[in-house]
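Engineer: Residues per chain are reported as follows:
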Amino acid sequence: MAKEIERVGIPVAYFPAIPTVPLTVGQSRIIPGKAIPHVLGDPHLPPDREKAYRRALVEQALKALSTEVAGPTVFKPDLA
Amino acid sequence: MAEPIRIVHYLNQFFAGIGGEEKGDEPVGHRGGPVGPGLALQEALGAEGRIVATVWCGDNRFHEMRETVVSDLLRLIEAEAPAVLIAGPAFNAGRYGTACAILGSAAAQKLDLPVVTGMFPENPGVEAGRRDMYIVPTAAAATGMRAALPVMARLALRLGRGESLGPGDIEGYLPRGSRRNFFDAEVGAERMVAMLLARLRGEPFRTELPLPRFDRVPPAPPVRDLPRARLALVTEAGIVPQGNPDGLESWRATKWVKYRIAGLDALAPEQFTSVHGGFDTARIRQDPHRIVPLDVLRELEREGRIGRLHEDLYVTVGNVAPVARAERFGREIAEDLRKAGVQAVLLTAT
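If you read the sequences in order, they're chains G and H.
Going by the working numbering, the first residue of the first sequence is number 1, and it counts up by one from there.
Going by the working numbering, the first residue of the second sequence is number 1, and it counts up by one from there.
Worth flagging that the hints you see were computed from the coordinates, not collected in a lab.
Virtual Cβ for every residue (Gly too), placed ideally from N, Cα, C.
Hints should not be assumed to be uniformly reliable.
Stated by the list, open to error - Among chain H residues calculated to face chain G with C-beta under 10 angstroms, some are: (1) Leu-39; (2) Gln-42; (3) Gly-46; (4) Glu-67; (5) Pro-221; (6) Arg-224; (7) His-289.
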């Protein structure tokens, strides 16, 4: 699905739980999330820190979307 | 009679009989002898092969703690001194299939074991593992178990005896992308002319050099001016309003839908739920932002870091979706996004 969106020239920041699959199929901008049942969150964290974690992932996506890439590239979130 | 060939069998938590998605975090385990589909596999192996042990791991656990899980499994496998590892079959289950591929590659490379597994040809595990193991093509669903096991058993016995296998289309496994030289009765020029004549006569012929089918989409150019760009949210996690007004299916979805999020600051769990049937959705039903980060995007929108968030959220369910259908959804959504002037997309998947 993401590749078809890229095909019309719209960059996609792709958040999987497992980077193996998008790397294999050639997704261009990949931001690996936490876990399959909660890709952009972590129920073990208190709510404010969970939201900060999610924000770090989304900020990484913004960075990915404004970066030129030549092929499948993983953007690891910058977690303080 | 010779000793039976020693075989270790790998399963996920479901086929090991431990539980469904709620047991996705099941740690590595093992037991002597066959378990679950291993019983029918043992029957197919007959007296020549023996499943000496079964090892398993929850699909989520496998991927989330991959290195530890793989090294634990390899240790258990090695301790049984097997001649072959059989994994699955995983049919069209993506996490299970990639787990079989990752474990299989590790066993082939580190323990020098021949590995046999079974998968639906479109399972992402096929691409990940085909070079290191023998993957028997199966049906998409577990109803194909009966057809898959005898083929897997036959390949496993031959590999266990140290025999080398012929080409995949004859032996019944998916091509591994490697070639082996052999002497043919006819030289290349004769075979080539025969092929050409067959083609001119409109008869079937088999190429000796299949061209790889690459579907590489060149990466789209980056967004130049994010603070002025329109961004859209797309998800395959089945986030829908409570009551699922459009009847989005929890697996093999036949449609994509879009929901207005203009003016919404958050996705309240009282208003939104998930109908994805391929994993335990309890955590994202508690807080849908764990899969659709609307809360954070609104913050970034207010701070002027992004121009604006598109008014619709695009949703489907990616659970065992046939690739051709997912491509069609992608094309349709792309067209919709392009018309709406969307310049970048955040797509969340599970």
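Engineer: Does each hint fit the structure? Answer for all of them.
Structural biologist: So, going through the hints one by one against the coordinates:
1. Leu-39: violated (29 angstroms)
2. Gln-42: With a minimum Cβ separation of about 31 angstroms from chain G (threshold 10 angstroms), the hint on Gln-42 of chain H is violated.
3. Gly-46: violated (35 angstroms)
4. Glu-67: Violated. Min distance 13 angstroms.
5. Pro-221: Since chain G brings a Cβ to about 7 angstroms from Pro-221 of chain H, closer than 10 angstroms, the hint holds.
6. Arg-224: The hint holds - Arg-224 of chain H has a Cβ within 10 angstroms of chain G, the shortest such distance being about 8 angstroms.
7. His-289: holds (6 angstroms)
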